[in-house]
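Q: Those sequence lines, one after another, are chains A and B.
For what it's worth, the numbering used here labels the leading residue of the first sequence as 1, then goes sequentially.
For what it's worth, the numbering used here labels the leading residue of the second sequence as 303, then goes sequentially.
Rather than coming from a laboratory, the hints here were simulated on the basis of the structure.
Predicted model only: the values in this text are computed from it and were never measured.
Worth double-checking, as some hints may not be accurate.
If we take Cβ atoms under 8 Å as the criterion, some of the chain B residues that face chain A in the derived model are [to be verified]: (1) M330; (2) H377; (3) E381; (4) M398; (5) K486; (6) A487; (7) Q491; (8) Y573.
For glycine and all other residues, C-beta sits at the position ideal for the given N, C-alpha and C.
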Amino acid sequence: MDRPYDNRAWLLVLPVLAIVAFSAVIPLMTVVNYSVQDTFGNNQFFWNGAGWFKELLDPSSDLGGRVLSSLGRNLAFSGIILAIEVPLGIAVALAMPREGWKVAATLVLMAMPLLVPWNVVGTIWQVFARGDIGLLGYAVNKLGIPYNYVSDPIAAWVTIVAMDVWHWTSLVALLCYAGLKSIPDAYYQAARIDGASRWAVFRFIQLPKMRRVLIIAVLLRFMDSFMIYTEPFVVTGGGPGNSTTFLSIELVKLALGQFDLGKAAAMSIAYNLVILAVCWVFYTVMTNLDVERPQAETGAAS
Amino acid sequence: MARIELTDLAHSYKPEASVPADFALKPMTLTWRQGGAYALLGPSGCGKTTLLNIISGLLIPSHGRVAFDGRDVTHLSTERRNIAQVFQFPVVYDTMTVYENLAFPLRNRGMEGKAVDARVREIAGLLELTSSLGRKARGLTADAKQKISLGRGLVRPDVAAILFDEPLTVIDPALKWELRSKLKALHRQLDVTMIYVTHDQTEALTFADTVVVMHDGRVVQAGQPDELFERPAHTFVGYFIGSPGMNVVPATVEGNRAQVAGQTIDLPLSYDPPAGQRIEIGVRPEFATLAPAGEGLPVRVERIDDLGRARLARLRLGDHAFAAGVPDGLDGIGDHAGLILQPGHIHVYADGQRLSGRA
Chain A
1 MDRPYDNRAW LLVLPVLAIV AFSAVIPLMT VVNYSVQDTF GNNQFFWNGA GWFKELLDPS
61 SDLGGRVLSS LGRNLAFSGI ILAIEVPLGI AVALAMPREG WKVAATLVLM AMPLLVPWNV
121 VGTIWQVFAR GDIGLLGYAV NKLGIPYNYV SDPIAAWVTI VAMDVWHWTS LVALLCYAGL
181 KSIPDAYYQA ARIDGASRWA VFRFIQLPKM RRVLIIAVLL RFMDSFMIYT EPFVVTGGGP
241 GNSTTFLSIE LVKLALGQFD LGKAAAMSIA YNLVILAVCW VFYTVMTNLD VERPQAETGA
301 AS
Chain B
303 MARIELTDLA HSYKPEASVP ADFALKPMTL TWRQGGAYAL LGPSGCGKTT LLNIISGLLI
363 PSHGRVAFDG RDVTHLSTER RNIAQVFQFP VVYDTMTVYE NLAFPLRNRG MEGKAVDARV
423 REIAGLLELT SSLGRKARGL TADAKQKISL GRGLVRPDVA AILFDEPLTV IDPALKWELR
483 SKLKALHRQL DVTMIYVTHD QTEALTFADT VVVMHDGRVV QAGQPDELFE RPAHTFVGYF
543 IGSPGMNVVP ATVEGNRAQV AGQTIDLPLS YDPPAGQRIE IGVRPEFATL APAGEGLPVR
603 VERIDDLGRA RLARLRLGDH AFAAGVPDGL DGIGDHAGLI LQPGHIHVYA DGQRLSGRA
């Protein structure tokens with residue numbers, strides 16, 4: 001087929017290319033550039049090749065050890081909050097009213113934590129959980145449970161997990177609620193006709209219909225929690241010791257505290273790749289979860 | 303298996319209903335006999351689905367009672383009523399296979415595995431779903447999904463009745479015929495009461511042995527298809543059933559004479575129409591024939607439609623539109639012609655209700 005070629009069309013693409021270049025490609029390349037060099041300040045750089053990357057992957061080195069242990073903390077944190085927020089969000093969504101003025105009231109109430117800026121959330125919880133003047137800290141200590149997030153790593157973890165659950169469960173709940181609202185009444189009616197139990201309704205109607213929004217919720221919550229910085233920085237500052245030092249906090253320490261731009265750049269790239277890889281795995285697994293597999297006649301067996 | 307009785311049944315979606323307009327379903331008393339094939343026919347919004355949901359227990363009526371074989375079930379939940387219902391749009395459980403979908407209502411009721419298997423295979427065979435039993439329901443076409451929905455309605459062996467709420471809306475026309483005949487065959491075979499809601503008169507007349515016509519929340523007539531055709535109890539039935547619908551023109555009736563647009567029509571029976579009501583006479587186009595000018599009632603011819611099998615004249619009788627058949631061999635019709643009405647098929651209506659005359 002003969003098609004006329006007109007290279008002037010490329011001109012129309014130029015603005016997009018320029019914007020993407022300035023917003024993404026050039027900054028990213030700067031990071032790539034830093035990651036293969038070392039600097040001692042004064043804007044002097046020395047070639048270091050793959051040195052930082054080798055160190056990053058070597059747990060016995062200082063950099064490698066720090067990155068590996070904070071990576072472990074990140075994964076643990078994301079795992080814990082997903083394990084709490086997803087079931088809790090589903091439960092909240094199921095309990096939310098379906099009609100009347102209560103819907104609007106609940107939605108506004110649920111959206112409130114989402115509207116609070118991150119550092120304010122951190123500050124709220126920092127004060128809220130203090131043993132001397134904070135309502136939560138004071139009450140828990142009065143109940144005879146020793147609780148001090150400044151000195152006790154477990155208390156620190158409990159605090160930031162509780163904070164994240166408070167801040168973000170609404171998001172999961174609202175997404176699930178949207179999924180639930182999209183189920184036509186006929187499904188519930190048919191289930192009643194078929195004599196389905198409450199659990200069967202959840203398992204065979206509500207959960208499958210929520211699957212897509214749940215994928216989105218899990219991905220969003222994973223990425224956000226994996227990049228968490230502000231709240232633990234405000235509440236615990238990464239402590240006690242290094243117990244709540246996440247990758248992002250480590251990164252800022254390296255880049256701005258020690259001005260090790262090369263190490264920090266190498267670490268950002270690795271950080272980015274980890275997030276991408278985990279998201280890809282999540283997405284692939286969840287979308288393929290119940291894709292039709294060729295199977296033998298299951299009739300008699302099931 | 304059950305006889306379903308509705309006694310003084312009425313329903314309003316508003317909590318404080320007083321005027322008739324508040325009622326989606328106006329008071330009715332009706333009995334559905336065991337094993338009947340019923341069609342519930344009426345336009346959208348006439349209360350068909352409300353009535354169906356009351357019978358199945360998805361809706362508790364605000365007035366009156368529902369009884370199955372004399373047992374009051376008005377406040378009994380759907381699960382405990384033993385009734386099956388198929389909805390307008392296919393409802394399938396996506397994550398289950400076709401087999402599991404069909405087995406679901408049986409397993410929920412604790413039926414034993416072997417019996418479930420036999421029953422599922424039987425129904426799947428009837429609906430020609432056997433080859434896809436092992437497939438996930440998600441990827442199937444709308445047709446196949448609706449067959450599964452039908453299957454889940456038919457699979458329970460002991461139901462009091464199966465209710466169909468416009469189940470063939472999403473099905474492609476060719477398959478529609480096939481499925482409808484299948485339902486009819488199943489009805490004969492299973493001896494179960496079936497109530498089939500539709501707004502399509504062909505569907506109703508071919509499926510049912512009793513058609514219940516609803517209009518504005520009321521049952522206006524329940525009867526066999528030929529009764530509905532020959533003796534519509536309400537002008538609405540006349541309009542709604544038949545294509546084109548019945549001719550209804552305002553008239554004054556005294557004894558056995560009717561005056562329409564200045565013309566006198568002789569009626570076979572005598573009527574005493576109640577004063578102060580809107581009196582009309584109704585004749586189906588099938589019982590009205592066009593004749594050369596000078597015979598019968600003088601009419602003005604607007605146009606002649608050739609329907610292939612027959613010709614239909616669109617006429618004016620005075621100011622009123624009228625449709626009538628054109629006999630073969632009558633050609634060269636001018637602007638003016640005559641109209642002959644078959645005397646036995648002229649009905650007199652007062653405020654829409656058919657009056658019975660005296661001989």
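Q: Would you check whether Q491/B satisfies its interface hint, that is, whether its CB is within less than 8 Å of any CB in chain A?
A: Violated, about 22 Å.
Q: Can M398/B be said to touch chain A, with a Cβ gap under 8 Å?
A: holds (7 Å)
Q: Once the shortest beta carbon distance from E381/B to chain A is found, is it less than 8 Å?
A: holds (5 Å)
Q: Against chain A, run the beta carbon of K486/B and see if the smallest gap drops under 8 Å.
A: Given a least distance of 22 Å, the restraint on K486/B is violated.
Q: Holds or violated: is there a CB of chain A closer than 8 Å to the CB of Y573/B?
A: Check failed: Cβ of Y573/B comes no nearer than 47 Å to chain A, outside 8 Å.
Q: Grab the minimum C-beta distance from M330/B to chain A and call the hint holds if it beats 8 Å, violated otherwise.
A: Cβ of M330/B sits 23 Å from chain A, so the hint is violated.
Q: Given a cut of 8 Å on the nearest C-beta pair, is the interface hint for H377/B held or broken against chain A?
A: violated (15 Å)
Q: Can the hint on A487/B be confirmed by a CB-to-CB distance to chain A that is less than 8 Å?
A: Nearest chain A Cβ about 23 Å off; hint violated.
The structure fails hints 1, 2, 5, 6, 7 and 8 (numbered hints given earlier, in ascending order).
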